[in-house]
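Given the structure of chain H, go ahead and fit chains E and U onto it with the hints provided.
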Amino acid sequence: MLKHIRRELIFNQTQLYIFAGYMIVFWIWIDWQDIPFRMSLLFLSFVLPLFCAASIQAREEKFKAWTLNCSLPTNRKTLVLARLITSWSLIFAAFVFGLLFSALFQENPAFLSQFLEPKSILIFLLLSSLFLAFLLPFVIRFGISGVIIGLVALQVLGVITLLLAQTSSNKDNILRSFLHSIINTVKFFLDHDPTPGFLLLLFFSAAAVNIFTFKFSQFLFARRDF
Amino acid sequence: MEYAVEIENLRKEFKGFTLKDVSFRIPKGYVMGLIGPNGAGKTTLIKMIMNLIRKNSGRIFVFGKDHIQHEAEIKSQIGFVYDVPCFYEDLKLKKLASAIAPFYPKWNQELFLKLMNEFELPLGKKFKKLSHGMKMKFSLCLALSHDADLILMDEPTSGLDPVFRQELLAQLSQIMLDEEKTVLFSTHITSDLERIADYITFINNGEILFSSTLDDILGKWGIIKAGKDLLEKKDIPGIMRSQKTEYGIEILTSNIKKAQTILPPDSITEKASLEDIMYFMSKGDKHA
Amino acid sequence: MKIIISNASQKPIYFQIAEQIKNQIISGELKEGEPLPSIRKLAQELQISVITTKRAYEELEKEGFIDTVGGKGCFVAMQNKELLREKKMRMVEDTLSQAVSDAKLLGVRLDELKKMLTLLYKEEE
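Residue numbers (our numbering), protein chains in the order written: chain H, 259 to 484; chain E, 44 to 331; chain U, 76 to 200.
Just chain H, with the same shape it has in the complex:
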């Protein structure tokens, strides 16, 4: 696996510099514009996976490098796993780089310390892994257009859910209460320190989602013709 990650990093090394540059811009921006912490965290959790998946995939498509990658002595399943691990590594590295940059060059330790709280890091990991898990099958199946399709799908899903919740009758309907309970849970989580039991449940659910989408992505990738 190490040689796979090394391969992906060498092939996309220019992207690493762009990532770093992007993080620098981001941290300066949230400091300058006084973006609230929660907003920044949320934003980071969605943008990093998106950027990561998109840029690696776009490069691979531009150079038709899948022909090379699939011709190497390996199999399709391993390639998907390598792509996933590399993506996580990049997301994590970008996050840490951002923190370091802020610590060394910015004068807002309060802001920084909020990011360093275990809860923040957990939320970041949770949201970014879920988002990446959601995107992965789309990207594996459709390539770079998969990113767009995935985002559109997410939006459509959100809109449909909201519409359904709104247009249903005023009586207590399941969907509405389901949505409310989710929103309340997230609010609760953000406002309080969660119990260990809750954390464990969250962890396993997130892991389950990730594993499912990963296996599904492997399945999809094995069926592609290049």
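Hint data in this document are derived by calculation from the structure and do not stem from the laboratory. Note that this is a predicted model, so its numbers are computed, not measured. Wrong hints could be hidden among the right ones.
The following residues of chain U were derived to be distant from chain E, with all beta-carbon distances above 12 Å [what the hints assert, rightly or not]: (1) A83; (2) A118; (3) L121; (4) M153; (5) T193; (6) E198.
Restricting the straight-line Cα-Cα distance to at most 20 Å, the calculated cross-link-like pairs of lysine to aspartate or glutamate (EDC-like) are [said to hold, decoys possible]: (7) K178/E / D292/H; (8) K329/E / D278/E; (9) K129/U / E223/E; (10) K335/H / E116/E.
To be clear about the criterion: a stretch of chain E counts as covered by chain U if any three or more of its residues have a C-beta under 8 Å from a C-beta of chain U, and this derived list gives those stretches [to be verified]: (11) 253–260; (12) 288–298.
Ideal placement from N, C-alpha and C gives every residue a C-beta, glycine not left out.
Frame of chain H, contents of chains E and U only:
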């Protein structure tokens, strides 16, 4: 006889094109030329061996092993040179090589450097800065640096100037001095094959029309030029295809010696080049 | 060893190779025990298929002109001096019979032919 590649009843359906019941074998230690017009299925076939394109049915064995069950193991012994470059073009050659090398257990860095030198490929140059011929040579260099036992080449000489083509063919000749190496070379430039191939397989419209030794083809196949009424008068032994011309008829036969015995005195027989054969087999009228 | 192949010739390539090597052995250009290039080396040099060179060598081995020593390669076989002389004689005989049939066709008489032969023989000395 050991076979490097064995293909049995391979089938793949696309919209508008089907690879049907393709079967042939490549003996170990020889060069197999895969010829056919554009769109015949040559690239598809090579990609299917590498599992870049999935088959609908059929079996492929490389060095006696199923090509999917032992995918990684087999690919470590295969060198590939595709017709379209598949490398990250903004990277330097040495970077590309360093990313790929760890995947091959038999990678020989010394050999790689020596070959790069011999091929006159500068390590520090970016891939996009190379000419088409040099890109091809780089692919070949990588393929040779891990002591690949099977080398798959998809149209390696098309788009190359004559000097480069000679160089590439000379390189291949050098490689074939080692009787452990096998090469599959697909092309529509048949004159290249006449100098290096041992076996020829002809594919057209997704079907294998024949597979034989070059020796047999150049020795036994021939073209008969005669008057139009020849076909009506006689059964020509080994007749494959015919083509009516303005003033007579041209017949491609796979047994020129036998055919010569029954021909009228005013007919002419000539040796058939691979190009002639490719033309007749694609365009001529079929016979039995 | 000198080999020149003609693509235009009616004779198959393996035959041309075998014939030329045979002649060189008979004429003594290729000495007994001399090593021959490997089939692959020869194929590379002549830019032909290794199957063709293999066939040529197989023909030569069948007729007793060369020996294959496993692992070492092919060598010119020890020629039985008598057999070699006989082979050479046959070659001369073939050429002469061609000359005779040509002469008959053109209407050249035997004594004229003998005169021609004597002149040519003496000329070469």
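To see whether the hints hold, each was checked on the structure:
1. A83: A83/U not clear of chain E: closest Cβ-Cβ about 8 Å, inside 12 Å.
2. A118: violated, 8 Å
3. L121: violated, 9 Å
4. M153: With a cut-off of 12 Å, M153/U remains clear of chain E, as the shortest Cβ separation is near 28 Å.
5. T193: holds, 41 Å
6. E198: It holds; E198/U is separated from chain E by about 39 Å at its closest Cβ, greater than 12 Å.
7. K178/E / D292/H: With Cα atoms ~51 Å apart, K178/E and D292/H exceed 20 Å; violated.
8. K329/E / D278/E: holds, 14 Å
9. K129/U / E223/E: With a Cα-Cα distance of about 16 Å, the restraint between K129/U and E223/E holds, given a limit of 20 Å.
10. K335/H / E116/E: Within the cut-off at roughly 15 Å; holds.
11. 253–260: holds (count 3)
12. 288–298: Our answer is that it is violated, as 0 residues pass the Cβ test (under 8 Å) against chain U, missing three.
Of the hints listed earlier, those the structure fails to meet are numbers 1, 2, 3, 7, 12, in rising order.
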